[in-house]
Amino acid sequence: MLSPSPEKLLSTEAAALQLEQGISPWRNAWHRLSRNKPAVFGGAMLIILAVLCAIGPWVMHNDYQSQNLYNTFAPPSTAHWMGTDQLGRDLFARLLYGGRISIMVGLVATSVALTIGVTYGAIAGFFGGKLDAVMMRIVDILYALPFTIFVILLMVFFGRNIFLLFFAIGAVEWLTMARIVRSQIMAIKRMEYIEAARSLGFGRRRIIFRHMIPNILGPIIVYTTLTIPAVMLLEAFLSFLGLGVQPPMSSWGVLIKDGAERMEEYPWLLIFPGSVFSLTLFSLNFLGDGLRDALDVQSSKD
Amino acid sequence: MLRFIVRRLLETIPVLFIIITATFFMVRFVPGGPFDGEKATTPEIKRNLEAYYGLNLPLHRQYLNYLDSILIHGDLGRSTKYANRTVNEIIADKLPASIELGLLSLTIALVFGLTAGILAAVKRNSFIDHAASSFAMIGICVPTFVLGPLLVLGLAIHLGWFSASGWYNWQDRILPSLTLGVVYAAYIARLTRGGMLEVLNQDYIRTARAKGASELRIIFRHALRGGLLPVVSYLGPAIAGILTGSFVIETIFQIPGLGREFVNSAFNRDYTLVLGTVILYAVLIVTLNLVVDVVQVWLNPKLKFE
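As they're listed, the protein sequences go chains A and B.
Per the numbering used here, residue 1 is the first one in the first sequence, and the count goes up by one each step.
Per the numbering used here, residue 1001 is the first one in the second sequence, and the count goes up by one each step.
Hints are supplied without guarantee of correctness; some may be wrong.
[Unchecked claim] Chain B is nowhere near these chain A residues, computed Cβ spacing over 12 Å in every case: (1) Pro75; (2) Arg190; (3) Leu241.
[Unchecked claim] Okay, the calculated beta carbon distance ranges per label pair: (4) B:Trp1298 - A:Leu142: 52 to 58 Å; (5) B:Phe1220 - A:Ala50: 43 to 49 Å; (6) A:Leu200 - B:Arg1124: 45 to 51 Å; (7) A:Phe157 - B:Glu1050: 32 to 38 Å; (8) A:Leu200 - B:Val1291: 32 to 38 Å.
Calculated directly from the structure, the hints in this document are not laboratory data.
Idealized CB from N, CA, C, for every residue including glycine.
Could you put the whole structure together from the sequences, leaning on the hints where they help?
Printed below as a string of structure tokens:
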């Protein structure tokens, strides 16, 4: 073990190169990410799916809601690539349209969770002391609560409104983000550039949002990527129980629910939405794991 | 240790109190009452019904009565949907199936997850490791409500090995608990692998090797205790997830359990049944979390002082 291993040599070389040529940490992370095959596959898959869902419903000649009662439960064919459902609607068109809703729920609810989690965690970490102790104890307690049950109650009692859905899901998924942001803020709180900002007389809000959060973007990006699949899963779970997105709108969860009800005779109604949804979750998880490695975020014990 | 347990027990009291209060008032303030169904009830009948359930009293009296009834008498009240049944009876009737499903799933999750995780960590970068990691990724990414119907389609409908739904004999238990357990097996496998890898690199493992301990002894006597810590802390969320996950599983496989009953009761606006089940789930989850915390401190005494 006298000479360093080749990998080690390479990484020190890369570090030296980074110092000499001034490659930014973001360029470096991008480089590492682009060599991670599963992550690249995940990212490419997500882009393809997003583009298909975004422009597909415009350019296709099959419409997601036009019915054809003479052509119900048609198996996959050249006219209907994924077959048709109980009202003769084209499943492929419905899948792309449902994807829009599922992706939108994923993004909006994640932003809600992101906003709450980052603000909460940053405040707890920055101020520390008693405030931090109380705030994190609250998070611990909330962690132990049967939150899904409350989301179900909310959706049943206050109408199955899609905006309520965004906020209900977002309000459940912010806890891990708050924990991560807090520990990161604690770690950089005593660094010199924060001291410098303080001595320049900047306010706390400016220090937190302009100086600290940009420096912990790595972990935030990683956990945002991993929150999106969790959020989409919760939406589909609720839709499967009939509590999420309501007709005439549809989402992948709704399509899976409809497909599961008729899978015995018409298995494609379950198999296509199920595989597209799983593929999306795969891609998001692969990309999230890849980002974690590329941005060198150590896995937290959440 | 005793002090730690007592402190945690005392902490659970306000938590449960908040859950009961929040659910009680949420259920009272929602638009639409339990007697606003499609059947038109005359105002007289409605008044009588409300008097029967004590809904005509002022809100704070209702709340105090409810607390008195559940805390002193352990009585969760009468179902507002099925007037001749008490919530206690319904729970006693439906809970066993859910408990059985939960325990079986947890066993499957632990047996498969731990085995795969330990093997993957010990034989790092081998075929077993890659197979276990792919298996874990599939478990995490294929949701239960896709996996369940697919298993029914393949193994029950096409191959006819199992019946597609029902809860009668032991064969009926296999598909539901497998479906519910696989997700958690996947997470447990990942956590076990990570935890074991970290521990296996420690100095005391090298010391044990140097002293000539066998590989099996090193894994089970020395490494497992530390390597399982992340798994134990995951058990709290896993138990909560299995409990709520059973809502979907019980619907897919038509199991007469409390999960399906809970979702139905929310749809029916069966106030007392909703309240009763939420309280029951909260008590279950909070208690199990307490157990998990105690086990964790027992495995890692350092945590006691945090």
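* Hints that the structure is at odds with (numbers, increasing) -> Hint check: 3, 4, 7 and 8 fail, others pass.
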